[in-house]
Amino acid sequence: EAAVTQSPRNKVAVTGGKVTLSCNQTNNHNNMYWYRQDTGHGLRLIHYSYGAGSTEKGDIPDGYKASRPSQENFSLILELATPSQTSVYFCASGTNQAPLFGEGTRLSVL
Amino acid sequence: GDSVTQTEGQVTVSESKSLIINCTYSTTSIAYPNLFWYVRYPGEGLQLLLKVITAGQKGSSRGFEATYNKETTSFHLQKASVQESDSAVYYCALGGFNTGANTGKLTFGHGTILRVHP
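Going down the list, the sequences are from chains A and B. Just so we're aligned, residue 84 is where the first sequence starts under the numbering used here, counting upward by one. Just so we're aligned, residue 962 is where the second sequence starts under the numbering used here, counting upward by one.
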C-alpha cells in the first residue's frame, strides 16, 4: 500500500536550535514535497524535489533547507529555528495526478 | 500566479442536511489545471477526497461530489445528506497542469472547517 511516513509526529524545539523533519515514501515516486499548514493560510509549499540529489525552492523557502539523499527520503531542515516556524508540516510524494500526504509533524518552537 | 479561494472558514450543518462548500480558482496558465478536494479528519493526515482533471467533468467520493466549471472557475463541494463523521477540514486545491512543465505542485485554499451536529 502506498505510504508516506513522517517523523517525528510531534516536536518541541528551542529558538536558535536545529530541527530536522524526516519523510519516507514507499511509493517509488520521483517527486516529493514539503508544505506547512497554518490557520488562515491553508498549505504552502516550502521545498520540493524531482528525485535523489534534487531540491527546489517552493513558495516560502526562507529559513528552510531540504535534502533528498535517496528516492525514498526527503528531509526538511531548520538550521536556526524561530517561533514563526511553529506550524504543522506535511510531506507528500506523487505526481500531478494526486500527491499522497503523510500524517503531518506538529512543530512548536519556543 | 495561481490562487484558490474558499469563502467559508467554517460551516455548521445539522446531520442529514445538505452541504455546499464553495471553491473558486484563478490561474495565469493557459492550460487547464487539475482540481482536487482534500480532507483532514481530526487526528489524521491529509487525504485525497476527489479529483477532476477534465473541465466539465464531475468527481465523486464518499457521497461528496464536485463539478469542474471552467466558465465560472469554480469547483464547489456538495453532499446531499451529511453525517456527523463528515466533520473535518476540507481543502480545495489546484495544480498538475496537463501541459507544459508540470511539477505536480499544488496551490491550496485556506480550508473550510465543517462541523456536523446531530
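Rather than coming from a laboratory, the hints here were simulated on the basis of the structure. Cβ atoms here follow ideal geometry from the backbone N, Cα and C, with glycine treated the same way. Worth double-checking, as some hints may not be accurate.
What the hints assert, rightly or not - From the derived model, a few chain B residues whose C-beta atoms are all more than 10 Å from chain A: (1) 969; (2) 973; (3) 993; (4) 1008; (5) 1021; (6) 1024; (7) 1028; (8) 1030; (9) 1031; (10) 1032; (11) 1048; (12) 1071; (13) 1076; (14) 1079.
Claimed, not checked - Pairwise CB distance ranges (calculated): (15) A/124 - B/1008: 18 to 28 Å; (16) A/95 - B/1041: 37 to 47 Å; (17) B/977 - A/156: 37 to 47 Å.
Results of checking the hints against the structure:
no.: 1; hint: 969; in the structure: 13 Å, holds
no.: 2; hint: 973; in the structure: 18 Å, holds
no.: 3; hint: 993; in the structure: 12 Å, holds
no.: 4; hint: 1008; in the structure: 7 Å, violated
no.: 5; hint: 1021; in the structure: 15 Å, holds
no.: 6; hint: 1024; in the structure: 19 Å, holds
no.: 7; hint: 1028; in the structure: 18 Å, holds
no.: 8; hint: 1030; in the structure: 20 Å, holds
no.: 9; hint: 1031; in the structure: 18 Å, holds
no.: 10; hint: 1032; in the structure: 23 Å, holds
no.: 11; hint: 1048; in the structure: 17 Å, holds
no.: 12; hint: 1071; in the structure: 4 Å, violated
no.: 13; hint: 1076; in the structure: 16 Å, holds
no.: 14; hint: 1079; in the structure: 26 Å, holds
no.: 15; hint: A/124 - B/1008: 18 to 28 Å; in the structure: 20 Å, holds
no.: 16; hint: A/95 - B/1041: 37 to 47 Å; in the structure: 44 Å, holds
no.: 17; hint: B/977 - A/156: 37 to 47 Å; in the structure: 46 Å, holds
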